[in-house]
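If you read the protein sequences in the order shown, they are chains A and B. Each residue of the first sequence is one higher than the one before, counting from -17 in this note's numbering. Each residue of the second sequence is one higher than the one before, counting from 254 in this note's numbering.
Among the clues, some could well be false.
[As the list claims (entries may be wrong)] Capping the alpha-carbon separation at 35 Å, the derived lysine-lysine pairs in DSBU-like fashion look like this: (1) B:K482 to B:K270; (2) A:K194 to B:K482; (3) B:K447 to B:K409; (4) A:K194 to B:K478; (5) B:K270 to B:K447.
[Unchecked claim] To list a few chain A residues with every Cβ distance to chain B over 12 Å, as calculated: (6) P1; (7) L21; (8) S93; (9) T133.
None of these hints come from the bench; they were simulated from the model. Idealized CB from N, CA, C, for every residue including glycine.
Here is how the chains run, residue by residue.
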Amino acid sequence: MISVNIAGSYCLPPRPDIPMALDEMIYTVTSGALRDAGLGIGDVSGSFMAASDLYDGRAIATMTLTGSTGSFHKNEMRVCNDSLAALTLAAAEVAADAAQAVIVCTWSKLSDANRDAMAALGLEPVFTRGLNAHPDAVVALRRSSDLGRPTLVERTAVESADVAVALILTAPSPERRTRGTVIGLGAANGPYLRPGEPLLGPVTAAATAACKLAGRDVTDLRRARVAGLHAVDDDELARAVGVPRDVLARQSERWADLGYAAGLLAVHESLAAGEPGPALVLSAGGIGYENAHAALVEVA
Amino acid sequence: MSPQQPAVLGFGQTRYKTSRADVGTPELIFEAVSRALADADTELTEIDAVVFASAPEVFEGVYEPDRWCVEAFGGVGKPLIRVHTGGATGGSGPLAASRLIAAGLYETVLVVGLQRTSETADAQAVFTTIFDPVYEQDVQLNVITGIALVASRQMKYFGLTEDHMAWVSTKNFGNALRNPYAHLHREITEQEVKQSRSLAYPLRLLHTCPRSDGAAAVVMTSAEKARGKSHAAYVAGLGCAADVYRIGDRIHDDESDFAIPRAQAWAATEAYQEAGITDPRRELDVVEVYAPFANLEIAYYESLGLAPPGRGIDLVETGATAMDGDIPVVPSGGCMTTNPIGATGLIRFGEAAAQVMGRAGDHQVDGARLALATACGGIDQFYTAAVLAAQPA
Chain A
-17 MISVNIAGSY CLPPRPDIPM ALDEMIYTVT SGALRDAGLG IGDVSGSFMA
33 ASDLYDGRAI ATMTLTGSTG SFHKNEMRVC NDSLAALTLA AAEVAADAAQ
83 AVIVCTWSKL SDANRDAMAA LGLEPVFTRG LNAHPDAVVA LRRSSDLGRP
133 TLVERTAVES ADVAVALILT APSPERRTRG TVIGLGAANG PYLRPGEPLL
183 GPVTAAATAA CKLAGRDVTD LRRARVAGLH AVDDDELARA VGVPRDVLAR
233 QSERWADLGY AAGLLAVHES LAAGEPGPAL VLSAGGIGYE NAHAALVEVA
Chain B
254 MSPQQPAVLG FGQTRYKTSR ADVGTPELIF EAVSRALADA DTELTEIDAV
304 VFASAPEVFE GVYEPDRWCV EAFGGVGKPL IRVHTGGATG GSGPLAASRL
354 IAAGLYETVL VVGLQRTSET ADAQAVFTTI FDPVYEQDVQ LNVITGIALV
404 ASRQMKYFGL TEDHMAWVST KNFGNALRNP YAHLHREITE QEVKQSRSLA
454 YPLRLLHTCP RSDGAAAVVM TSAEKARGKS HAAYVAGLGC AADVYRIGDR
504 IHDDESDFAI PRAQAWAATE AYQEAGITDP RRELDVVEVY APFANLEIAY
554 YESLGLAPPG RGIDLVETGA TAMDGDIPVV PSGGCMTTNP IGATGLIRFG
604 EAAAQVMGRA GDHQVDGARL ALATACGGID QFYTAAVLAA QPA
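Same shape as in the complex, but just chain A:
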């Protein structure tokens, strides 16, 4: 069981090109989330971020961003996974009583990057990179393995998007504002490229773990919000999670690559939707959806 408050949330929603420097984008969401929480920078003791060196074009993406991420003189933790992993570490920090309030932030600025050049770097360099396989081809191979017959996956049309999101997590307290509560977290990782387990096996495992930690059954879910995973249709996802199809909410296919920001954006969308009851947020990154994370959020 875990119970960590989401006290504030702010987002610069996906757009083809947000006309701001990266620092400005991040500062906009971290300061906005703090204002939403009714807190100041002096109230938080750490910043947990999800960011990609490759997307940001720097060997240490966060190094120049200490001011805008709010980590100066504080605990800085950064993950290179979907931002639900940053949410997990931030929630653990609060739940372990090591912090009373922390920032979680993430961003992606694909308008400054060359996505096609990066896709090939996800493949192992000796045996598979030479195949020049697109990530969608990897998904197709895995689904073919699942179904026992050759399967094609329609190539996902990707429009470059800029996006930034920040949340403020706090320890539960009646004196603090509450937009929602993180009550469950889960994650699972599948094999690299190698077929042999269902494509959505890690997603199922992550969702199951998040519900188990919260002591909830999937039948309790009012909403399952899916970040990314655009090559998988609703029916397949609903089966993998064990929920009716109308419980699913998907992000716009227009923004098929939000980088590591997809998961936290989905949490923000859950809070903004204001739907009561537990909402499951799911993300899966990697080259074949193998790195899955889940968070169960009780929206206030």
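Guided by the hints, dock chain B onto chain A, whose structure is given.
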């Protein structure tokens, strides 16, 4: 539910070389993880989650190298999080694992550290990209020139000399001779240090670290589970702090002179408070500091509270940080003799744990009960600190 105290059950590392061309990257990881699991007397099936610590992936040339190597560390079917805080990554890994354990999310967590810098033609070319792309990258700042600025200010304000730096280099290279895993096994003299090639004044080749290929792994669990094991080290305190990015913003008053790595002091203070340490010089038995340059080790003596501000050189002049001194620093040889960047902080953490478990082999400090491990990243910007104890709280 009160937080669980985290503990370390085992530590494993590879041999380090400039290029481990004898193995692929997954094999390198397997080498470290196998040793850690054996040292921890733990089966892979007992691992609940994995934290993967690897710094710039540009070094490996693979986007998300943790995925590529997932079978090598038994990560299939388990939760996997990759942390990256520059050079401090290896310190952030056990910190993240500690919080996951303390929060009760996972009981037993494997932390894996990897860096394979040989895959890149020029590490400093990679480091050039850590700076502001608009205003600073053209200046060709890199880690060596940045730390040379620190050393210059230590010389100007605190009396640092080439003799002090040469003593630290000689001490660390000498310690590494007792560590079978160290990358550089070479006896050096202070004269050789002072005659080695100049890199950026006042830094010379033998004041700096090598670039190493290698991996390390640590098995961590709850103190409750550790009590049933034959050996364990207990996490008594953790700290983490980041400084401002721009070097100029750290040169304007006594507290923030660039010669004083103040964020290391902030991180250490936090760890000491959690561990109940009030006099680190007297209470700590051994320090595994992440100091890739001889001058930085002396600056850290001050940041870590082992010497008063500006008086780190006193510990050099009295030999206090030698193996037979009253506060041995990097008995393993440290970062100056082995530096697989993203894994280096994890090696410091593992070595400190091994010391308090009495399992450090020929470089064991007799009777070590309380040890400090640190990590640093950026240009003196990101820091972690961890206090390891022989007994649970």
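message: If we take the beta carbon of P1 of chain A, is the closest beta carbon in chain B still more than 12 Å away?
response: holds (16 Å)
query: Do the alpha carbons of K447 of chain B and K409 of chain B lie within 35 Å of each other, as the hint requires?
result: Within the cut-off at roughly 19 Å; holds.
message: Does K447 of chain B sit within 35 Å of K270 of chain B, going by the straight-line distance between their CA atoms?
response: holds (24 Å)
Closest CB of chain B to the CB of L21 of chain A still more than 12 Å away: holds (19 Å)
task: Verify the proposed pairing of K194 of chain A with K478 of chain B, using a straight-line Cα cut of 35 Å.
output: holds (22 Å)
field: Assertion that T133 of chain A lies farther than 12 Å from chain B (Cβ)
entry: holds (22 Å)
- prompt: Taking only the CA atoms, is the gap from K194 of chain A to K482 of chain B under or equal to 35 Å?
  reply: Distance of about 28 Å is within 35 Å: holds.
field: Outside-interface status for S93 of chain A - nearest CB in chain B farther than 12 Å
entry: Correct as stated: the minimum Cβ-Cβ distance to chain B is 15 Å, above 12 Å.
message: Please verify whether K482 of chain B and K270 of chain B have alpha carbons no more than 35 Å apart.
response: Cα-Cα ~33 Å, so holds.
In terms of the numbered hints stated before, the structure departs from none.
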